[in-house]
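Position chain G relative to chain Y; hints supplied.
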Amino acid sequence: MTLAQTHAPARPRIGSGAFEPKALVTSLPDAMRKLDPRVMWRNPVMFVVLIGSALTTAAAIVEPSVFAWSVTVWLWLTAVFANLAEAVAEGRGRAQAATLRATRRDTMARLLGGDGAEAVVPATDLTVGDLVVCEAGDVIPGDGDVIEGVASVDESAITGESAPVIRESGGDRSAVTGGTKVLSDRIVVQVTAAPGHTFIDRMIALVEGASRQKTPNEVALNILLASLTIVFLLVVMTLSPLAAYSGTTTSVIVLVALLVCLIPTTIGALLSAIGIAGMDRLVQRNVLAMSGRAVEAAGDVSTLLLDKTGTITLGNRQAVELLPAPGVGIEEVADAAQLSSLADETPEGRSIVVLCKERHGLRAREEGVLRDAAWVPFTAQTRMSGVDVDGRTVRKGAAGAVFAYVAAAGGQTPPAVAAAVDAISAAGGTPLVVADGPRILGVIHLKDVVKEGIRERFDELRRMGIRTVMITGDNPMTARAIAEEAGVDDFLAEATPEDKMALIKREQEGGRLVAMTGDGTNDAPALAQADVGVAMNTGTSAAKEAGNMVDLDSNPTKLIDIVEIGKQLLITRGSLTTFSVANDIAKYFAIIPALFVVAYPGLDTLNVMRLSSPNSAILSAVIFNALVIVALIPLALRGVRYRPASASRLLSRNLLVYGLGGVLVPFAGIKLIDLVVSQIPGMG
Amino acid sequence: MDSTLAAVLSVVVLLGALALAYRPLGDYMARVLESPRHGRVERMVYRVVGVDPAADQRWSVYLRSVLAFSAVSIVALFALLRLQAYLPYSLGHEGMPPWQALNTAVSFVTNTNWQSYSGEAALGYTAQAAGLAVQNFLSAAVGIAVAVALVRGFARTHTDRLGNFWVDLVRITLRILLPLAFVFAIVLLVGGVVQNLAGDTTITTLAGGPQTLTGGPVASQEAIKELGTNGGGFYNANSAHPFENPTALTNLLEIFLILLIPVSLTRTFGRLVGDLRQGYALLAVMASLWGTITALMVWAEVSHAGPALQLAGAAMEGKEVRFGVPMSAVFASATTGTSTGAVDSMHSSYTAYGGGLAIVNMVLGEVAPGGVGAGLYGILIASIVAVFIAGLMVGRTPEYLGKKIGAREMKLVSLYVLATPAVLLIGLGIAMATEAGRSSILNPGPHGLSEVLYAFASAANNNGSAFAGLNANTDFYNIGLAIAMLLGRFLPICFVVALAGSIAAQGRAPATEGTLPTHRPLFVVLVAGVILVVAGLTFVPALALGPIAEALP
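Going down the list, the sequences are from chains Y and G. Heads up: the first sequence runs through residues 1 to 684, numbered per our numbering. Heads up: the second sequence runs through residues 1001 to 1553, numbered per our numbering.
So that you can see chain Y by itself, here it is in the shape it has in the complex:
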């Protein structure tokens, strides 16, 4: 099983990313509304199309013909299709927003006065700093921090996760989100966000695209597209006198058709849909990006700081091996290890039971089966746990503690056992010793288990040019062992927040972009300093404020997905730009001979597609130009397929598909459309 499969459970809250053709129809009214010039002005390429459509309409009214009206209709359709792309992308966001909005009911808040008296006020009247009381069954009226009490809270409204979470005052689990529901106990919450600016409000604004601003790269691309549009505008404008000199006239309709075919309408139409869909893909993975800028930056990240626990290793240490003492059988060790762990509810204890069962065939014994067993729980003082049963005193615990226990019982520590203990420590593991009275039976090897497939994932990242750094509180020896096993490029052991911060700054000074995850308040400065800071939703509000993304699933591994989504967004933009510009070559071969074949019959040689007539050639190019927008909407929304690979390989692949494809596809497309169009009376 790959990691990608392990952490992207389908959640009912967020609509799936699949593109539904039905959306094209349902979004049509929105697309028509967007024909407003005041809206289209923001997209210079499509604005030119709009003006052109208006011009041809006027020309078609003055001198009506089948050709004139056909071109006019398809030019209008080009503009509508462009708006359709955006409308479909926004429509998906709106569906998500509606679900979110349902959670933001008109909540009443129990405002706590200075004198301890409660007043019921609408949640919308709360201001930052207010104290509100929430008890079991109450919906938390706004974002805030728990300052008193502890409660279990149902956060499924925002995370989709049905299991309740604990929120308590102080520490890193104090943040609560408006719209979530208290399931038990009573807490006092200090409001930290004014109404209208809460987390859910921001989520709604984000998925709706209401607060969408063009990202830096989008702005840069728009500039390039605008300048290409101006070049083509000049080309078409100067064509008139050139044609007149050459003894042929060019109508307004033909000039506008040529212009619309040449300017990069494909990418111009899809650009904003690509951006919205990119944010959307993050939302589908339960990640909220607070700005599109952060998503773009994710594609550029060259250093990933990953917390060891939960990201690289499974949450806890696990028993992986039993090492019997000299003269002791493995079955006896397994038996004692299992016996001593039955009452141990820690993950480590459970993993020992599992190991004994899977590796040594011991079935679990219910506590009730062992009558008269006296369970000895683990305490910080004894650092051991175990059981007294049938005259046996089985103990399991930290090596030092068990050695002392055995010595007290008159036993001795075999040198082989001491050696095994040291070896396990040196390898970064944790040794537990099992004893029965004065006899040492053996050693249990506990170690951090590196997640399956993570090494391959890091290899992929390395091929993408991304360095991974593991952050851990472990000592350097343990850290090194895990780092080697997981295949990370570097590690930071015994890491303090200051160390993290220093590491980030060091990387950034070298011009690298750093991404990290964090949840605690002490992570906040580092999250703010990192170029991409992903705060866990379980974290403090300080951490969430500092980061530029929030992961609702609180799954640190997702950082890798975020990087890939960022890259995919940029690749989609670049590929469709290339495709759009490459299309022009075929369009010239269609239109140039059509325009001038009367003046210079020799130019018919350039009519390589053998289009049936000048009029049908021009109309076919216009139709192709419009249809290709619709055809590419699904790709724009889904994003270009992305497989981690080096830049060179990505480039050759995408150039081949979208560059060469962009040159060839329109030749076939225009020819096919011409075969149909030439059948129209008055066109052939």
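The list that follows gives simulated cross-link-like pairs (lysine to aspartate or glutamate, DMTMM-like), each with its CA atoms no further than 25 Å apart: (1) Lys505/Y / Asp1160/G; (2) Lys505/Y / Glu1513/G; (3) Lys505/Y / Glu494/Y; (4) Lys671/Y / Asp604/Y; (5) Lys451/Y / Glu484/Y; (6) Lys505/Y / Asp489/Y.
Think of the hints as simulated: they come from the structure by calculation, not from any bench.
Same frame as chain Y, but now just chain G:
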């Protein structure tokens, strides 16, 4: 010797000589530009002019210096041309008419060297040597200086300083152009180019008629004319004139000189940014584009399609017998590919395809290999456009040589890309729409359109060569082309220097596996593709109505 074999050998010698000179000259130029020491003469110049050579300039100051210097140059040259009657060695020539003088002054200061006058019939030695030849040095030095400023933008980090224009100008002139021009002037002299102050000599030809031969300081002007990709001939016939270019050997040498600096500057670039492979990649783009076009042009001229030419047996009209068809075509491709504009044959007489390819060479934006300096900054801009699109396709926000190409950079690059085609197309459009523009056309039909297209392509791209036939000495063309030359030169320079300032201020992102490599063959193909597609899409309609329509009757 068989003429084909001679041409092949000539090309082999040409490429060999360029390859030999590439490293030492490229490295030498890099050393000159980055050297901390000032020569004695240089220090004297700085004292006289009143510049502090240690003052590193911001981009805005650097740009102001470029523009101010060029403005003063135009005014001075204009005055010199107007007042030449009062100067020594005027050979009795009157001052140039005002619009023509303006056109000529702009032409030489912008490194275009468009000539709407006839050298031997209009100018005396002082105007030629102290006016035009001086600008041949200085305008070339300005081009290189601007390119160097951009290269420094890539080479430096976290700074707002791009170097000192005056230091660059003086060093490029004194340490690079002057020594090279001196040496090659002597070589040309040995090869038979004239160098005297003899004025006119009247001889009796074999046919018995009198002929006036004008001598002059030709060799000294010829060397820098080619080296600095200037192209303004001492004589009207330019390098087709036997006093400028007497033999096949000097012809080959002149082609070599035209290509020498533009090509070697890619090495300088690689040196200055600390990665020679980057320079080789740009060289590969230049070489593949120029090589392809040159091969096509030679093929077009040698195969001389068309009934008249087939009947004649060769496309010899407008070409010199002593150079032959292939080497005339190579010269034509070199001079149009480098924004030089010197000619050893009449481009207007080329076959439709051959003439069209000369226009293509210019409208590519003079990047293959382009004028001195201008070629380098032109191809760097093309690389940035390529990087911008390709960078996205590898999933990164685009960067070139570790510098991010953001909105500000893209704005300047877009303006650069827009400037020259806009000037060209608007000029062409106005000329074809007005009687003033059309009345200068000599040939009817598509060839006439080619004449005007060629003129504006040549002016806007600062080439300077002409499709003979068009009568360019009218107020319309003197003024119109002067405007085209000015805008075609200085608009791009403004954007380039501003861009240099913008990228110099950035840090440098380290190259990783995820970075788009900009030295591999794939990138070379990509840059060449971007150059061809952008120029193609912009100029196909005009080319279709000109050379293509002529070629496909």
